[in-house]
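Visitor: In case you want the letters, here they are:
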Amino acid sequence: MRVVDSHLDLAWNAVHWNRDLKRPVAETRALERGMRGKARGLGTVALPEMRQGNVVLCFATVLARTSDRWREDTMLDTIVRDIAYARAQGQLAYYRLLERQGALRQIRTRRDLDAHLGAWGERGDAQPLGFVLAMEGADPILGPDDVPEWWDDGLRALSLAHYGVSAYAHGTGTQGGLLPAARPLLRALEQVGVTLDLTHLADRAFWEALDAFGGPIHASHQNCRALVSGQRQMTDDQLKAVIARDGVIGVAFDSWMLYEGWVKGVTTPDVVGVAAVIDHIDRVCQLAGNASHAALGTDLDGGFGKEQTPYDLDTIADLQHLPAMLAARGYPPVDIAKIMHGNWIRFLQRVLTNACPAPLQREDW
Amino acid sequence: MGEGGRPMIVIDFHLDLGMNALRWNRELIRPVPDLRAAEAGLTDEIGRAAGTVALPELRRGNVALLAATANGRTTPAWREAPARFAASQEIAFARAAAHLAYYRALELRGQFRPIRTRPELDAHLTAWGARGDGQPLGYLLAIEGSDPMLSPAQLEWWWNEGLRAASLAHNGEGFYAGGTGAPSGLKAGAVALLRAMESRGVALDLTHCSDRTFAEALDHFHGPVFASHSTCRALVPGPRQLTDDQIRAIAARDGVVGLAFDNSMLHPAWRRAAGLRAEVSMTAVVDHLDHICQLVGDGDHAGIGSDLDGAFGVEQCPRELDTIADLQRFPEVMAARGYGDAEIARFMYGNWQQFLRRVLPAA
Chain A
0 MRVVDSHLDL AWNAVHWNRD LKRPVAETRA LERGMRGKAR GLGTVALPEM
50 RQGNVVLCFA TVLARTSDRW REDTMLDTIV RDIAYARAQG QLAYYRLLER
100 QGALRQIRTR RDLDAHLGAW GERGDAQPLG FVLAMEGADP ILGPDDVPEW
150 WDDGLRALSL AHYGVSAYAH GTGTQGGLLP AARPLLRALE QVGVTLDLTH
200 LADRAFWEAL DAFGGPIHAS HQNCRALVSG QRQMTDDQLK AVIARDGVIG
250 VAFDSWMLYE GWVKGVTTPD VVGVAAVIDH IDRVCQLAGN ASHAALGTDL
300 DGGFGKEQTP YDLDTIADLQ HLPAMLAARG YPPVDIAKIM HGNWIRFLQR
350 VLTNACPAPL QREDW
Chain B
0 MGEGGRPMIV IDFHLDLGMN ALRWNRELIR PVPDLRAAEA GLTDEIGRAA
50 GTVALPELRR GNVALLAATA NGRTTPAWRE APARFAASQE IAFARAAAHL
100 AYYRALELRG QFRPIRTRPE LDAHLTAWGA RGDGQPLGYL LAIEGSDPML
150 SPAQLEWWWN EGLRAASLAH NGEGFYAGGT GAPSGLKAGA VALLRAMESR
200 GVALDLTHCS DRTFAEALDH FHGPVFASHS TCRALVPGPR QLTDDQIRAI
250 AARDGVVGLA FDNSMLHPAW RRAAGLRAEV SMTAVVDHLD HICQLVGDGD
300 HAGIGSDLDG AFGVEQCPRE LDTIADLQRF PEVMAARGYG DAEIARFMYG
350 NWQQFLRRVL PAA
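Protein chains in written order, with numbering that gives the first Met the number 0: chain A, 0 to 364; chain B, 0 to 362.
For the record, the hints were derived by calculation from the structure and aren't laboratory data. Certain hints may be false.
What the hints assert, rightly or not - Ranges of calculated distance between the beta carbons of each label pair, as one might list FRET restraints:
#	chain 1	residue 1	chain 2	residue 2	range
1	A	Asp363	B	Arg130	28 to 36 angstroms
2	A	Arg203	B	Asp43	32 to 40 angstroms
3	A	Ala29	B	Gly188	25 to 33 angstroms
4	B	Leu41	A	Ala29	46 to 54 angstroms
5	B	Thr116	A	Ala243	51 to 59 angstroms
6	A	Val265	B	Asp43	46 to 54 angstroms
7	B	Ala80	A	Leu226	38 to 46 angstroms
8	A	Ala114	B	Pro32	54 to 62 angstroms
9	A	Val191	B	Gly237	51 to 59 angstroms
Claimed, not checked - Covered, in the sense of this in silico footprint (three residues per stretch, anywhere, with C-beta under 8 angstroms from a C-beta of chain B), are these stretches of chain A:
#	region
10	7 to 14
11	28 to 41
Glycine included, every Cβ here is placed at the ideal spot set by N, Cα and C.
Chain A on its own, in the form it takes in the complex (with noise of 0.2 angstroms):
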């Protein structure tokens, strides 16, 4: 079955992480055999296995936060705001490279879509990796103006913060609203037709995020408080308040986000399975009272690798057990499918537009 999934960090791995991501999985996990650092040599995504779990469409994001941390962590960390944005712009040169060499299709507007899902099929063979070009934590954007330079390179999707607290408001691990910056950036996005992707938003900014923006609005990788304690999961409130606006919440296959009291680093992938993010999706979709909402939004690659995703899940061509699993939940067919794919199809079909400038063509490079 297609799988729709809302949120990787593709070019942040191929960048930071130098992950070849044609390389498939298990040749990338033998070259970084002996390398020191978390998650080293236990990534689960590369093209090939994304072409295995048929997905046929996923949100690849441009990754790069401002923070006084930058001396500890610079694979994430900037000092300012003009390296960020410099790192941001050599992830969307990655995808743009990959498009123009044919391994990725970028989805820009409501006819690439169309056209992409029609040429893909069922099955996808020898068609491009669709994506939408997203932006977790907006950083990296320097003012409203450079708002429509970014959604004339396909961004459509877009994050005020990550963890800590950004430019623009206050992320996961912090306690605040958003930031004087943040209003007019959320009217310059509103305008052109971003989608504003609520996770990571500390629960003050989220409502006030919520307030001062009238756009579609989506959380991209997400799960649910009310199963797995801690602000970086929503409260009901909140994925009510996502799913009465039309949006639509991707699951996070994260461990530290399925199982309640997993320590990072501590904990061992055995305690918790695929079995709970149905869980989650299934608590999405009683709140919303149908199975229009809930959606994949795995964030494999982000930052971690086996040793804190589901035990059952080596790649994310994995992805492809779900539905025999949704379907022993008792959930049918139809629902499924929109788990699987169609709530983000018809989401996108909803927030994009036809107007864009002319996509790339494919070079010999």
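Go by the hints and put chain B onto chain A.
Guide: Leaving out everything else, chain B in the frame of chain A:
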């Protein structure tokens, strides 16, 4: 200072500003002392808390124009230093593109002005005048090591981004050619790349070539050649420095050799660990300069390619130099050696200016 104590403009043909911003996390619009303070205690990269280059100091040094690199190296040994080496050409390209984007950000901030054509060069130097007050720094986009160029077919894209100079390799084996210390010469794809550069008008930087690569590249490339940051092997043995024959070959093609202010290339006994900074003076740079002039018989083929932010810091610079602003002390060192004002002006900027007027397209 130049004639009558006036500040003299500088053209520096080799700085890795983008790499310093992206990999060292250096906020280059802040002055050098701020950057050093921010890095106190860090040991993750070479030269931490000891940098010598930032935009305010470039301005104080009256550096009207610089060649700024985009770089990204691939090597099978990338695991040893994943931030330094890319695992694939695609990744090297993305890293170089990030350098490019940083330069664009500096343009948006009014700090940088791209120089892509002869009229842009002339207009910039006119606007800069003697001191450049309020002017953006001019920059010419260069590639150090061609690994980020996916193929000759991609050169057109780079040209449109402003690329006007490129070297084939860096230290060790590159994708297209053997670099410093490597045994190889040109590799598959190199000749086609050189042809594309020649027909598009990108100048070939012969710095960091292996000796075989140097000879073979000269045979296959008929466009303008130069060496952005080199010194003389006759004075400092080692594959990183140019032989007398190589210097003559560059001069014979009317190229310029940019002299690096890197002690490891200036002093035969230099060892980083030994801390010989006190023993290396800018007079050593003049030794190399003088050697080139004697060799080719004129003062038209040497300039500055300081490399001052090339993965080292103040510990590896001549002792008179604390920041790049101190390039302004170089004229007096040359004058003390008997060089006249007109020659000094050629070394500080004139030779590069003339070279660029020849190399850059008319529009």
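Visitor: Of the hints given before, which are not true for this structure?
Guide: Of the numbered hints, 1, 4 and 6 do not hold.
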